[in-house]
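**Q** Given chain F, put chain Z in place with the hints provided.
Chain residues, written in single-letter form:
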Amino acid sequence: LRKLRLAARLDIKGPNLIKGIQFEGLRVVGDPRSFAAKYYNEGIDEIIFIDTVASLYGRNQLDGLLREVSAQAFIPLTAGGGIKSVEEARVLFNSGADKIAVNTAAIAKPTLISELAEAFGSQAIVVSIQAKRVASGSGWEALVENGREHSGLDAVEWATHAQTLGAGEIMVTSVDRDGTKSGFDTRLFSAIRSEVRVPITVSGGLGALSDLAEAADSGSDCVAVGAALHDNSVSIEELKNSGNTQEFGFRLGGWR
Amino acid sequence: VTGVVIVDYGAGNISSVRNAFRHIGSEPLVSHDPDQISNAKSVVLPGVGSYGAAMSFLKTTNADAAVVQFAKTGKPLLGICLGMQLLFDRSTEFGETPGLGLIGGEVEVLHNIAQPSEDWKIPNVGWRSLKSTREKPDSLLLGLPSDAEFYFTHSFSATRVDAADVLATTRWSNADLVAVVRRGNLWGTQFHPEKSGLHGLQLLSNFLSA
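Chains F and Z, in that order, are what the protein sequence lines are.
The numbering used here applies: residue 165 is where the first sequence begins, and numbers increase by one.
The numbering used here applies: residue 1307 is where the second sequence begins, and numbers increase by one.
For reference, chain F alone in the conformation it holds in the complex:
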């Protein structure tokens, strides 16, 4: 039995939980604190917060939210969005983050990954990769700036490089499938899995419970769910129970 983690991904804009489709068309979903509390009480295994407007404001503003959530939810919390330095990361760790996720700044300056790993340990450093299938059809490009800009980097090569630099986890999101509920891009996940030995969190496209088995088959360690949870089209209980009838499973108890 493969044990997967089930994570809730909360994209944050200012005080709000938001959700986009293919990283565009953002809409407000609600108060992130109440969603985090609900997911914790329903047995989510971890929560990932992404500040989607951090680069616009020049800094990640999740510290207040992390302080509130970490006082009530005793599971791992990841914070990402616009983190450019060890000092910015430290603020988030001191506010209750267990892991931080970096993307744009790490692509601009890959040694940031090593600096962060040295300061906080590899296990606390997640490299987030927003991968978009290239038009020619072979491979994926790693996008930056929340999926808005090109980097020219091959997503699989970048994952391998990030691991070498000290990343303790790779979080890969399929930009093509994000928010579409049309199923995972498992070829993308398998391509990264075959090149790295750190845990992989996958997201982008969960639509049906059967998609989880495909994520497990692709060698993923954690499935992050956003849209499908926020709009109640699937529940944590359903997701977890669907796992246990197949070749893989999730944490089964310890939240009530």
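Sample of chain Z residues lacking proximity to chain F, with all beta carbon distances greater than 10 angstroms (derived):
(1) 1380
(2) 1404
(3) 1473
According to the in silico footprint, chain F covers these stretches of chain Z (three or more CB under 8 angstroms from chain F):
(4) 1347 to 1356
(5) 1416 to 1428
(6) 1432 to 1444
(7) 1500 to 1506
It should be emphasised that the hints constitute simulated quantities derived from the structure, not laboratory data.
Since we're looking at a predicted model, the values are computed, not measured.
No residue lacks a Cβ here, since even glycine has one placed at the ideal position from N, Cα and C.
**A** Chain Z only, in chain F's frame:
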């Protein structure tokens, strides 16, 4: 006499450990002051960061001697993750670093401990169940279901630990890793009880009643 003192060694997410103790009705003090450690009712060595950095911080502040002294008083001490690893003799992380030497054993990188099977990953991250080495549960694990899962995240693990000091192990690749240790009044968990939901909070409550 103060209550619980969480030893602050200048790295990582200590607030989560404090939050967890607050949640179960205790108001811990976060400190590296040797006097406050000596006067504590119980001491927690939390767990994040690197072995070398943690030991050198403890030495600089003389908190290392205070923790060793505290351990001899018979009052309860809990090491979490890196905090547990510090209780052993030494670590081979980036050369050899001496630990607190309170429990016999060494800390090594995971792939030196186990022959990696096909599905190995480092760091070992996730919710794992424990395999108890005792017929009757230790007071730390009282009231927990036998299949309770706890959150692990680590690249290093204790090895060459006397079997008498090991309360439970967990499976990684094809090896049984040290997951919970106890030597008299000293306990250690490789996992993070403060990040392990209600089971973790139960374990911390058990520690407070020790």
